[in-house]
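2 protein chains.
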Amino acid sequence: MNSPTYDTPCIMIDLDKVERNIRHMQQIADDHGIGLRPHAKTHKMPEVARMQIAAGAIGVTVAKLGEAEVLAKAGISDILIAYPVIGRDKIKRLAALLTMTHITAAVESIEGVEAVAEAGRLAEVPVDVLIEIDSGFGRVGLNPGEDVIRLAGVIASHPWLRLKGLLTFAGQSYDVPDPEAIRRTAEREVGTSARMAEQLREAGYPVTVVSVGSTPSSSFAAAIPGANELRPGTYVFGDLMQVKLGAHELERCALTVRATVISRPAPDRAVIDAGTKVFSSDGEDSPLGTGRGYVPGRPGITLEWLTEEHGMLKLAPEEQGLAIGDILDFIPVHCCAVVNLTDRVAVTRDGQFESFWNVSARGKVR
Amino acid sequence: MNSPTYDTPCIMIDLDKVERNIRHMQQIADDHGIGLRPHAKTHKMPEVARMQIAAGAIGVTVAKLGEAEVLAKAGISDILIAYPVIGRDKIKRLAALLTMTHITAAVESIEGVEAVAEAGRLAEVPVDVLIEIDSGFGRVGLNPGEDVIRLAGVIASHPWLRLKGLLTFAGQSYDVPDPEAIRRTAEREVGTSARMAEQLREAGYPVTVVSVGSTPSSSFAAAIPGANELRPGTYVFGDLMQVKLGAHELERCALTVRATVISRPAPDRAVIDAGTKVFSSDGEDSPLGTGRGYVPGRPGITLEWLTEEHGMLKLAPEEQGLAIGDILDFIPVHCCAVVNLTDRVAVTRDGQFESFWNVSARGKVR
Numbered sequence: 001m002n003s004p005t006y007d008t009p010c011i012m013i014d015l016d017k018v019e020r021n022i023r024h025m026q027q028i029a030d031d032h033g034i035g036l037r038p039h040a041k042t043h044k045m046p047e048v049a050r051m052q053i054a055a056g057a058i059g060v061t062v063a064k065l066g067e068a069e070v071l072a073k074a075g076i077s078d079i080l081i082a083y084p085v086i087g088r089d090k091i092k093r094l095a096a097l098l099t100m101t102h103i104t105a106a107v108e109s110i111e112g113v114e115a116v117a118e119a120g121r122l123a124e125v126p127v128d129v130l131i132e133i134d135s136g137f138g139r140v141g142l143n144p145g146e147d148v149i150r151l152a153g154v155i156a157s158h159p160w161l162r163l164k165g166l167l168t169f170a171g172q173s174y175d176v177p178d179p180e181a182i183r184r185t186a187e188r189e190v191g192t193s194a195r196m197a198e199q200l201r202e203a204g205y206p207v208t209v210v211s212v213g214s215t216p217s218s219s220f221a222a223a224i225p226g227a228n229e230l231r232p233g234t235y236v237f238g239d240l241m242q243v244k245l246g247a248h249e250l251e252r253c254a255l256t257v258r259a260t261v262i263s264r265p266a267p268d269r270a271v272i273d274a275g276t277k278v279f280s281s282d283g284e285d286s287p288l289g290t291g292r293g294y295v296p297g298r299p300g301i302t303l304e305w306l307t308e309e310h311g312m313l314k315l316a317p318e319e320q321g322l323a324i325g326d327i328l329d330f331i332p333v334h335c336c337a338v339v340n341l342t343d344r345v346a347v348t349r350d351g352q353f354e355s356f357w358n359v360s361a362r363g364k365v366r
Numbered sequence: 001m002n003s004p005t006y007d008t009p010c011i012m013i014d015l016d017k018v019e020r021n022i023r024h025m026q027q028i029a030d031d032h033g034i035g036l037r038p039h040a041k042t043h044k045m046p047e048v049a050r051m052q053i054a055a056g057a058i059g060v061t062v063a064k065l066g067e068a069e070v071l072a073k074a075g076i077s078d079i080l081i082a083y084p085v086i087g088r089d090k091i092k093r094l095a096a097l098l099t100m101t102h103i104t105a106a107v108e109s110i111e112g113v114e115a116v117a118e119a120g121r122l123a124e125v126p127v128d129v130l131i132e133i134d135s136g137f138g139r140v141g142l143n144p145g146e147d148v149i150r151l152a153g154v155i156a157s158h159p160w161l162r163l164k165g166l167l168t169f170a171g172q173s174y175d176v177p178d179p180e181a182i183r184r185t186a187e188r189e190v191g192t193s194a195r196m197a198e199q200l201r202e203a204g205y206p207v208t209v210v211s212v213g214s215t216p217s218s219s220f221a222a223a224i225p226g227a228n229e230l231r232p233g234t235y236v237f238g239d240l241m242q243v244k245l246g247a248h249e250l251e252r253c254a255l256t257v258r259a260t261v262i263s264r265p266a267p268d269r270a271v272i273d274a275g276t277k278v279f280s281s282d283g284e285d286s287p288l289g290t291g292r293g294y295v296p297g298r299p300g301i302t303l304e305w306l307t308e309e310h311g312m313l314k315l316a317p318e319e320q321g322l323a324i325g326d327i328l329d330f331i332p333v334h335c336c337a338v339v340n341l342t343d344r345v346a347v348t349r350d351g352q353f354e355s356f357w358n359v360s361a362r363g364k365v366r
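These protein sequence lines are chains A and B, in that order.
Using UniProt numbering, the letters of the first sequence correspond one by one to residues 1 to 366.
Using UniProt numbering, the letters of the second sequence correspond one by one to residues 1 to 366.
Hints listed in this document are in silico derivations from the structure and should not be mistaken for laboratory results.
Be careful, since some hints might not be right.
[Stated by the list, open to error] No more than 25 Å apart at the CA atoms, straight line, and that leaves these computed lysine to aspartate or glutamate pairs for DMTMM-like:
| hint | chain 1 | residue 1 | chain 2 | residue 2 |
| --- | --- | --- | --- | --- |
| 1 | B | K92 | A | D326 |
| 2 | B | K73 | A | D343 |
| 3 | A | K244 | B | E308 |
| 4 | B | K92 | A | E354 |
| 5 | B | K244 | A | E284 |
| 6 | A | K73 | B | E308 |
| 7 | B | K92 | A | D329 |
| 8 | A | K314 | B | D134 |
| 9 | B | K92 | A | D343 |
| 10 | B | K314 | A | E284 |
| 11 | A | K73 | A | E47 |
| 12 | A | K314 | B | E111 |
| 13 | A | K244 | B | E284 |
| 14 | A | K92 | B | D329 |
| 15 | B | K244 | A | E308 |
| 16 | B | K244 | B | E304 |
| 17 | A | K314 | B | D147 |
Small disclaimer: the values here were computed from a predicted structure and weren't measured.
Sequences and hints are given; from them, build the entire structure.
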């Protein structure tokens, strides 16, 4: 009990499983001759980004400049900022980033194009840009068609910008009922992007990058001709949300929340020292019927409800021997949100504690 | 646009409103001759704890040792740890805290009593303890009755422990339909505690502290004879959850999320640069029908759905002039969760930026 990992709640990362997950997705990309550019939002750690690149990833994806800054400082040399850059402060920060590492920026509005162009001008560095299109999620991105051609023209008018291609995010793959529906989503994602890329080429713009792929849709999207870059994120750890979608196996879930039983108010009830400030309130309950988490191999433990610092367990008869002080490891519903709530994780190899890693890009929402 | 506060998303704290909220709750406590011991989980900042104490609070409440450590180092001299202390590492940390500041610890199990007693022995400091009872929430705490008397006996057997009284948390006040139901909850909370305190006194234990009160129940609990300490937290900022419960006025909500419009995909849709990583997924939608947040005075803006880094707005016709780059301030659903997601807040006075404050006890879940 003297191991620092036992000061709970603590996020545990099984490096053997992480490596398996990284190899697994890299293999899918390699098998189809498609580039893998993992989204770093899931792990938020340069150590994991380096593992992904060492395994063959062509670079990483981030949403916010703050994430790019952390990874650039850590030596990651190819970063896609898949998010509109808007505002004076952000233009200056993007300019600084351009002098540090190779950046590709997503744009989907005139204002976004002007911002990235201004950063390029300030840094005196040409900037690669991708136009974000909406392939059915209804979040950001231009509708495919004339608007995209028009924005390509605006990009072409800026000396510091180089139009490289398109990106899209099929987030609707999280809201479909089964793998077959995810496959159809991936078909639309890739098909829409490929057709739009063709239109751009016909209009005289040399498109070389067609970037797609959420974790659920990536394995399907890789197999459909038309895209040449995948951006899955969650696959690196996996969670109950991905298991529910059929996109990750329970045995490969690499991130767990280690918690201590702190109260036994009734034979069928126990309380752990982790609530929404550790698990988050994101996403739907476990596909295994165990509430907000799942202790591998112990379906009799249901994480029934959470308050900020408490997790309430319902115990089946075979689990009622659980005592105050006992330690449990839970696979959470949404691993990205869990990582974003902790400053460090405990990494293990062969089940043994190895070290703590700082979640350096945690909370970098700006 | 050069003000650092405009680098969004940014959490804004209106100090004038914070002061009003602090005075308001202190007045309720003073009017009924009851001590106020605010829960610091809402603000997580020594600066705000000092304001509460300067206004008359008798000390503060925390859940985790990590929060107590931050506040003790910042000079807060009276801290209630309203959470079971379980585990070797935590005993040592509690012992260190006992030598720094005056700590009261909550207990509700033999294991918890042994842990606090061991910390007292290590520090050679007598520790004040409160027994936590369950007044209907069903989370932690002993059921009132013989179990409590028995635990009082165990406490009395430890030379380093001094039984001071009882505490309870009526979290069910968050799940009731109207203020009248909250009043009934407060009656049960105070009544149960007062009767249990009387039983302890009859059994020979001199009980001096009866500690109650969530933000919704506090104003009712203060008026019911039997308790002498209130522990509300959220009142200091307020949020849409409290407005829904009738426990806070919209005009007194002191915390807002400042966000920038980054995309205008359709006339009736806009996207801001803040999602669940800023707003959290906690709690139910706005009582004003505006989704996950509310822009004061602008009911035509609905924060319809969130992904991790995006907030999707539905715009009524009168709001369709909103442009990329525009700044909006949203009152969130659950302010405690929002504070826990940010490393710093921007404080304002008379609407002018004053400085950044670090959220020093953010993420202190251990």
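Straight-line Cα separation of K314(A) and E111(B) no greater than 25 Å?
-> Measuring from Cα to Cα gives roughly 21 Å; hence the hint holds.
Does E284(A) lie within 25 Å of K244(B) when you go C-alpha to C-alpha?
-> holds (24 Å)
Agreement of K314(A) and D134(B) with the hint, judged by alpha carbon distance not exceeding 25 Å = Measuring from Cα to Cα gives roughly 17 Å; hence the hint holds.
Holds or violated: K73(A) to E47(A), with C-alpha atoms at most 25 Å apart | holds (12 Å)
Is K244(B) within 25 Å of E308(A), Cα to Cα?
-> holds (19 Å)
Keeping to a limit of 25 Å between CA atoms, is the pair of K314(A) and D147(B) held or broken?
-> Holds, because 22 Å separates the two Cα atoms, which is no more than 25 Å.
25 Å Cα cutoff - pair K92(B), D326(A) | Measuring from Cα to Cα gives roughly 18 Å; hence the hint holds.
Starting from K244(A), check that the Cα of E284(B) is at most 25 Å away, please.
-> holds (24 Å)
Would you check the hint for K73(B) and D343(A), treating anything up to 25 Å between C-alpha atoms as holding?
-> Between K73(B) and D343(A) the Cα gap is close to 20 Å, so the pair holds against 25 Å.
K244(A) paired with E308(B) [C-alpha distance capped at 25 Å] = Holds - the C-alpha atoms of E308(B) and K244(A) are around 19 Å apart, at most 25 Å.
Going straight from one Cα to the other, do K92(B) and D329(A) come out at no more than 25 Å?
-> holds (24 Å)
Mind checking the alpha carbons of K244(B) and E304(B) for me, to see if they're no more than 25 Å apart?
-> Satisfied, since the Cα-Cα distance of roughly 18 Å is no more than 25 Å.
Against the hints set out earlier in the document, no violation occurs for any number.
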